[in-house]
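Full structure from sequences and hints, please.
What follows is the residue order along each chain.
2 protein chains.
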Amino acid sequence: MTVDCSSWAQDQRERVEAALAEWVSADAPAGLGVAMRYAALGGGKRLRALLVLAAAEAVRGNADAALRAACAVELIHAYSLVHDDMPCMDNDVLRRGKPTVHVQFGEAQALLAGDALQARAFECLLPDGPQVPAAMQAALARLLARAAGAQGMAGGQAIDLASVGKPLTEAELRQMHQLKTGALLQASVAMGVACAPQALPAAAQAALHDFGAAVGLAFQVVDDILDVTGDSAALGKTAGKDAQADKPTYVSLLGLAPARALADRLLGQAHEALDACGLPDTTRLRALADQLVNRSQ
Amino acid sequence: MTVDCSSWAQDQRERVEAALAEWVSADAPAGLGVAMRYAALGGGKRLRALLVLAAAEAVRGNADAALRAACAVELIHAYSLVHDDMPCMDNDVLRRGKPTVHVQFGEAQALLAGDALQARAFECLLPDGPQVPAAMQAALARLLARAAGAQGMAGGQAIDLASVGKPLTEAELRQMHQLKTGALLQASVAMGVACAPQALPAAAQAALHDFGAAVGLAFQVVDDILDVTGDSAALGKTAGKDAQADKPTYVSLLGLAPARALADRLLGQAHEALDACGLPDTTRLRALADQLVNRSQ
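Which chain is which? The protein sequence lines are A and B, in order. For the first sequence, the numbering used here assigns the number 5 to the initial residue and increments by one for each residue that follows. For the second sequence, the numbering used here assigns the number 5 to the initial residue and increments by one for each residue that follows.
To be clear, the hints were calculated from the coordinates, so they are not data collected in a lab. Some hints could be false.
Copies of the same chain look alike in the list, so a pair counts if it works inside one copy or between any two.
[Unchecked claim] Straight-line Cα separation of at most 20 Å, SDA-like style, residue types lysine to any residue; simulated pairs: (1) K49 / W12; (2) K170 / G110; (3) K49 / T233; (4) K170 / A34.
Right under this line is the structure:
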């Protein structure tokens, strides 16, 4: 049964948006704050933030920590898009229906805005006050740093870079996506879980880890599908970009229907993991996974 | 009296180098680790690391935390150099006597290597074990995130970018440098201090804060002087670059002799701050400040 979480999701998006608007200040020097806000605010599905908040709700986590974690993953995601769009990477000019940051503010400012957004993500997680226990702050920042770095998102982008025009096996493609997009999506779930007042039983942790992994990979498979079937206006970015750039995708490797079947299989795995985790209420997590796999943009 | 700290400094540099070599692994995907190591290892004066370690020694700080903090500030510094050298920023081809990262590995890999080094810096500070207390981990990561971000180093770089070819007042130049280089140098001292087993008295904290500020600014003034008086071979980077790029510097604003006098005055302030801090042994910090102001490269 699919539960509709759209009203909850809309409320949470608004909370995240308001918190980001407060935490990414326009008053950073020399227009840097303006570029950072342009990159970080007012757009996006906020899927990562919703995963954090849904996971935190499932474990009855510290609400302040969860909101900070939700914003932090979005800031990392935003910085990665800014850098990814730059001419030396994907050279994209359109993002969420707007000119990309380097088109709007110049390459140098885009580089700096991305750099500063990454630092801001960590600042968000490390408030200088009693509202989030130090051990929780450290755990959250640790998860985020790992997911963002060389063995996570940045490593996945390096594989992506190296793989243009090269045939990849499904295993290689999977590794690329697990790092490039999967790591941060999986960290979003793990960070929500890390907001729990006490550590969860190992079995629950493992199940939620599996949930995050399945959802993370499913997201990318669907992304590859939408790159072929979607249109630029609905996606808010240039469709067909991957095929144009001769990048290997699940669709180019498996074909459209098998890619769709894989996404559904991964959704099934995500459901099973939630059934196994033993937490009383995983409704939101389940609904998010459904939404993510069945999205059209 | 100037105490020679060269043998201590050499020993510490070797410790830092060994730790960085271990923590920045070559096995990150698709050559990313190789580019990161190229950027982070085997070069540099490691002044920031030495400031961390000297400050930690002065407060009898947690040695493991101090070594991690020393490496973390060097990783942030290394990432900033990689991005700063890129064509859209300073477009420099020579760094520490070697081709810059983007010349060696391409722009996209340089962008990613910088991004991943920033994440690695935070990972370094957040080990998943008992060796560094969680509160200390969080405090160190908080200081680093602030110093690296929009109200620190990245903000200073944005001012730098915006100020090419523009006349700046001394106050504006000072703000730029306080952020661009000063923030991380000052954070280095603060992070060393944050390795103390207990919080220091407020007066000692304030004095060490002043020491960090004076040393941070003095460093940049001397950098500006060396850009005019040094030669590329000794500096390991292109001398005269700032003047060529029509960037405002302390030398272009004040003249060479007054810039030198300012550096000496700041060194005096650093000494006074150490006298005022009330810690039993600040020999190393004092020697480092002397070395930094009287350096020839």
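Outcome of the hint check:
no. : hint        : verdict
1   : K49 / W12   : within (13 Å within a copy, 53 Å between copies)
2   : K170 / G110 : between (31 Å within a copy, 18 Å between copies)
3   : K49 / T233  : within (19 Å within a copy, 54 Å between copies)
4   : K170 / A34  : between (42 Å within a copy, 13 Å between copies)
When the structure is compared with the earlier hints, no violation turns up for any of them.
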